[in-house]
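Student: Start from the sequences and build out the full structure, keeping to the hints where you can.
Residue numbers (my numbering), protein chains in the order written: chain A, 8 to 375; chain B, 29 to 364.
Worth double-checking, as some hints may not be accurate.
Claimed, not checked - Some chain A residues flagged as far from chain B (calculated, every beta-carbon gap over 12 Å):
# : residue
1 : K34
2 : I54
3 : P230
4 : K256
5 : V281
6 : A320
Said to hold, decoys possible - In the EDC-like style, the derived pairs of lysine to aspartate or glutamate whose C-alpha atoms are separated by at most 16 Å in a straight line are:
#  : chain 1 : residue 1 : chain 2 : residue 2
7  : B       : K33       : A       : E112
8  : A       : K332      : A       : D63
9  : A       : K317      : A       : D81
10 : B       : K190      : B       : D133
11 : B       : K33       : A       : D63
12 : A       : K34       : A       : D81
Think of the hints as simulated: they come from the structure by calculation, not from any bench. It should be emphasised that the depicted structure is a prediction, and the values quoted were computed from it without experimental measurement. Glycine included, every Cβ here is placed at the ideal spot set by N, Cα and C.
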Amino acid sequence: MGLPKNNNETKEMAQSLIREIDRLITKPVRLMEVCGTHTVAIFRAGIRQLLPPQVDLVSGPGCPVCVTPDEYIDKAIAYASRKDVILTTFGDMLRVPGSTSSLGEVKATGADIRVVYSPLESLTIAAQNPHKKIIFLAVGFETTAPTAAATVLATKKQNLTNLFLLSAHKIVPPALKVLLADPAVKIDGFLLPGHVCAITGERPFDFLPKTYHMPAVVAGFEPLDILRTIYRLAKQIHDDRPAVENEYKWIVKPDGNPAARQILSEVYEPTDAVWRGIGTIPDSGLQMKDQYSAFDAQVVLPMVTKTIAKKTACRCGEVLRGIIKPTACQLFGKDCVPEHPIGACMVSVEGSCAAWYKYGSGRYTYGT
Amino acid sequence: MEHEKICLAHGSGGKLSQELVEQIILPAFGNPLLNELHDGASVNMAGTNVAFTTDSYVVKPLFFAGGNIGKLAVCGTVNDLAMTGAVPRYLSVGLILEEGFPMDDLRKIVESMRLAAKEANVLIVTGDTKVVNKGAADGIFINTAGIGDIIPGSHISPKCVKSGCDVIISGYIGDHATTIMAGRHELVLPATLQSDCAPLSGLVQQMLKVVPQIAALRDPTRGGVAATLNEIAEQSKTGILLQENAIPVRAEVQGVCEILGFDPLYLANEGKMLVFADAKYTETLLDVMHKHPYGKDACVIGKVTNESIGQVGLQTNIGGIRIVDMPIGGQIPRIC
Chain A
8 MGLPKNNNET KEMAQSLIRE IDRLITKPVR LMEVCGTHTV AIFRAGIRQL LPPQVDLVSG
68 PGCPVCVTPD EYIDKAIAYA SRKDVILTTF GDMLRVPGST SSLGEVKATG ADIRVVYSPL
128 ESLTIAAQNP HKKIIFLAVG FETTAPTAAA TVLATKKQNL TNLFLLSAHK IVPPALKVLL
188 ADPAVKIDGF LLPGHVCAIT GERPFDFLPK TYHMPAVVAG FEPLDILRTI YRLAKQIHDD
248 RPAVENEYKW IVKPDGNPAA RQILSEVYEP TDAVWRGIGT IPDSGLQMKD QYSAFDAQVV
308 LPMVTKTIAK KTACRCGEVL RGIIKPTACQ LFGKDCVPEH PIGACMVSVE GSCAAWYKYG
368 SGRYTYGT
Chain B
29 MEHEKICLAH GSGGKLSQEL VEQIILPAFG NPLLNELHDG ASVNMAGTNV AFTTDSYVVK
89 PLFFAGGNIG KLAVCGTVND LAMTGAVPRY LSVGLILEEG FPMDDLRKIV ESMRLAAKEA
149 NVLIVTGDTK VVNKGAADGI FINTAGIGDI IPGSHISPKC VKSGCDVIIS GYIGDHATTI
209 MAGRHELVLP ATLQSDCAPL SGLVQQMLKV VPQIAALRDP TRGGVAATLN EIAEQSKTGI
269 LLQENAIPVR AEVQGVCEIL GFDPLYLANE GKMLVFADAK YTETLLDVMH KHPYGKDACV
329 IGKVTNESIG QVGLQTNIGG IRIVDMPIGG QIPRIC
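Tutor: Structural data, given as structure tokens:
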């Protein structure tokens with residue numbers, strides 16, 4: 008499972024799954040891949056153009072960079088502009104437009120911003136720069152939050168007093184509830200985010216079939232995993248028997264990763280959070296508990312920033328909720344392109360708009 | 029958002045680099061020779077066709093598995109000359125050193141340059157050294173320029189690439205960038221993986237001797253195979269269709285790419301080349317390449333077509349086709 012097979016075998020398996028999907032789905036359906044990594048994997052394997060026309064895939068709110076609001080970027084910029092601060096961040100955040108600038112632009116004017124691949128790299132930077140305050144931009148879902156929590160615990164253990172987190176971690180299930188409560192959102196099934204479920208397990212998504220009669224399958228990231236997931240969704244739709252199924256069993260255990268969740272709940276507690284394009288969602292964010300507030304940048308180094316509401320024709324909000332496809336936005340591919348993004352969905356490589364732009368805007372066909 | 033300041037992505041070989049060249053460099057310096065935008069210029073001096081090129085090296089870390097900034101500086105320029113169909117002859121070396129740089133490191137770097145020049149059969153005939161204040165450079169930056177004479181009978185140009193050409197890669201892709209990234213992020217890699225940094229001029233000479241009809245050669249450095257193929261598709265007004273299962277990627281490289289979220293097609297190589305030649309020459313070329321240490325894993329990865337002009341497509345393992353676009357750049361700065 009999941010491992011690349013020889014090409015013919017892979018191709019034949021793919022074709023038989025696609026035939027089955029076509030047989031099972033008789034009227035148009037919209038399936039949402041929640042996770043940005045799936046959006047990219049679907050494009051990279053050319054899955055969209057292989058699916059029968061009645062099966063439509065729409066991207067969801069599962070790109071952490073895309074749902075990070077302007078206010079957060081503005082605050083990060085304010086911190087980065089301080090002479091006593093070194094900001095550490097995942098590379099994707101650099102180009103996200105805030106209300107007036109981006110981290111990439113302030114970096115170009117001399118702000119000390121360093122790209123890391125793990126928050127734990129910030130520990131080394133903090134130890135090497137005792138006279139600076141190191142602030143890590145803690146964004147991401149259940150997947151990355153445990154590492155951020157582990158960084159806090161390590162900071163404490165190493166008696167470092169100069170490493171802080173600017174936390175904007177989010178959790179996925181509350182966002183799906185908000186989507187399903189919105190009548191404009193039309194979804195017939197979910198490809199659940201495999202990496203998130205590896206931490207949370209399957210249970211937090213039980214409400215999908217129970218409350219919303221919604222098919223849901225935990226998906227892996229190889230092309231055949233994704234096709235098998237779509238096949239299982241098709242079968243649930245066809246049989247009208249929604250359930251949470253797991254198509255990524257060798258990674259996702261039913262109760263996820265209890266050790267990671269324990270670290271997470273040691274440091275963090277749920278809080279309301281603002282999602283770009285969606286608004287405030289109750290209990291959808293993570294904030295550091297009081298006993299760890301010494302590592303919370305917003306507590307230790309409070310900064311007041313003013314976010315100027317921008318007026319653009321950007322429709323990221325509707326894209327993030329799967330209401331429109333990126334190509335329906337009038338800015339897409341014209342004023343808003345990856346090298347000059349207007350909305351956050353065009354910034355991250357896993358953003359819906361960026362992925363649609365990069366991979367030929369939907370059902371790409373070669374030779375036309 | 030227009031860029032009022034230089035960003036790292038302007039130096040990454042992708043779309044923003046192109047923009048910089050088109051908006052700032054070409055309006056100032058444009059002439060028929062420069063406008064070719066090849067790895068090196070072909071100029072005629074006293075009746076001889078000479079290839080001329082220059083490149084600067086700012087790689088970080090300075091030392092990495094399989095090489096260092098010095099080896100890179102010699103191989104990079106040698107390869108740029110080789111890709112124009114020239115025999116590299118003479119190099120210049122400019123060193124920009126930061127105050128406080130360890131003399132011992134400089135000795136190691138210079139020794140690697142000596143060895144690489146010896147292997148590539150080039151002489152370093154002129155040079156310059158500058159020292160800047162601490163903080164004004166990052167240890168050492170190196171510029172090299174080189175000249176060579178174009179192998180008679182060869183005519184290497186993207187404009188010679190036509191539908192019906194095969195696309196050959198000389199070996200595994202992404203080794204250099206993966207090694208650098210792993211070094212920078214302290215990922216422990218198997219000792220088998222190292223930068224592919226190597227001078228390709230010897231191999232190119234053997235190939236051109238047997239098949240002077242080679243249409244184009246390119247070393248897929250910054251921006252990787254994806255950027256290079258997009259440039260060729262655009263310049264030759266053709267389409268290119270790759271076969272995913274034919275592209276040689278080491279398991280270690282694939283693994284690191286999955287961890288860090290990169291696509292091997294976009295990773296820099298420093299000892300690989302893409303060869304474009306009519307399919308009837310493919311077998312002969314592969315025979316020659318397979319006998320050379322820097323071409324032993326050479327294989328066909330795709331075809332030049334007259335469909336989807338200016339685009340690069342990739343047929344995936346499950347039978348779908350996706351587009352391989354020009355990278356914007358900026359994901360991995362200071363790779364060379």
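Student: The structure should be examined with respect to each hint, and the outcome stated for every one.
Tutor: Right, here's what the structure says about each hint:
no., hint, result
1, K34, "24 Å, holds"
2, I54, "6 Å, violated"
3, P230, "5 Å, violated"
4, K256, "19 Å, holds"
5, V281, "23 Å, holds"
6, A320, "15 Å, holds"
7, B:K33 / A:E112, "8 Å, holds"
8, A:K332 / A:D63, "11 Å, holds"
9, A:K317 / A:D81, "13 Å, holds"
10, B:K190 / B:D133, "47 Å, violated"
11, B:K33 / A:D63, "41 Å, violated"
12, A:K34 / A:D81, "45 Å, violated"
Taken one by one, the earlier hints fail for this structure at numbers 2, 3, 10, 11 and 12, listed in ascending order.
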